[in-house]
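Please take these sequences and the hints and turn them into a complete structure.
Residue numbers (numbering that gives the first Met the number 0): 0 to 200.
If you're looking for bench data, these hints aren't it; they were derived computationally from the structure. Please note: incorrect hints may appear among the correct ones.
Stated by the list, open to error - As a list, the in silico SDA-like pairs of lysine to any residue whose alpha-carbon atoms are at most 20 Å apart: (1) Lys113 <-> Glu49; (2) Lys113 <-> Arg138; (3) Lys189 <-> Gln163; (4) Lys172 <-> Arg101; (5) Lys113 <-> Ala38; (6) Lys189 <-> Pro91; (7) Lys113 <-> Asp39; (8) Lys172 <-> Ala147; (9) Lys172 <-> Glu49; (10) Lys172 <-> Ser106; (11) Lys113 <-> Ala65; (12) Lys139 <-> Leu114; (13) Lys113 <-> Lys139; (14) Lys113 <-> Ser190; (15) Lys139 <-> Gln163; (16) Lys189 <-> Gly120; (17) Lys139 <-> Asp112; (18) Lys189 <-> Val84; (19) Lys113 <-> Pro91; (20) Lys189 <-> Asp112; (21) Lys172 <-> Thr85; (22) Lys172 <-> Ile136; (23) Lys139 <-> Gly16; (24) Lys172 <-> Asn59; (25) Lys139 <-> Glu20; (26) Lys189 <-> Ser159; (27) Lys113 <-> Arg35; (28) Lys172 <-> Glu18; (29) Lys139 <-> Ala108; (30) Lys113 <-> Gly169; (31) Lys139 <-> Pro17; (32) Lys189 <-> Leu88; (33) Lys189 <-> Leu114; (34) Lys113 <-> His165; (35) Lys189 <-> Thr85; (36) Lys113 <-> Arg64; (37) Lys113 <-> Val135; (38) Lys113 <-> Trp160; (39) Lys139 <-> Arg101; (40) Lys113 <-> Phe67.
Since we're looking at a predicted model, the values are computed, not measured.
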Amino acid sequence: MRQPSLFTSDTSALLTGPEGEVHYHPNVLTPDEASRWFADLHERTDWQAERREMYDREVNVPRLRAHFLLNDQLSPTLLEAFGLVTHYLNMPFNSVGLNLYRDGHDSVAPHNDKLSFLQNGQAIAVLSLGAPRRMVIRRKRAPHRRLAIDLEAGSLLVMSWTSQWHYDHGVPKERGVVGPRISLAFRVLKSASTGESTWSL
0 MRQPSLFTSD TSALLTGPEG EVHYHPNVLT PDEASRWFAD LHERTDWQAE RREMYDREVN
60 VPRLRAHFLL NDQLSPTLLE AFGLVTHYLN MPFNSVGLNL YRDGHDSVAP HNDKLSFLQN
120 GQAIAVLSLG APRRMVIRRK RAPHRRLAID LEAGSLLVMS WTSQWHYDHG VPKERGVVGP
180 RISLAFRVLK SASTGESTWS L
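In structure tokens, the structure reads:
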């Protein structure tokens, strides 16, 4: 598995500047590794279907979810994923939120991470497995700059802490046949006991 530095020639800087940075790292995993990790997590994760309040009614969350802390009893694949992302970015991640997008009907609405639960200055890293899905990143205030990127299997998207103040991100629904995708969102929580039920990618 490849373990280059953060600023290799393979890295694409999607956003830079005082409002935060977003970098895209393709091919962090080889296709075989990405396929193996996807199959293992898809089959062995205890996926949870959730419901939440929206517009004065309770609705299904349009994806399946799971959450783990570094000090939990983790599967070999999750331990390997923690090791890879922590080493790759040299950041002390202690939390990972998993999302299973079963098809193009599953999605996540535009949002930003809840910074009050995160260590100041620590980035959020999203490892993608399975079918590619498009992420949309949009500036909150005018001019509403909008970026869209297809997150490929084995890629890593890294969003700075500061970017969460100024940009929302989401994964919209997609028409047509879309295969399943798993995302692993790594964060550095202030408290290792903090849940992450309101976050997703």
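Practice task
Any hints from earlier that this structure breaks? Give me their numbers in increasing order, please.
Solution key: 5, 7, 21, 27, 28 and 39
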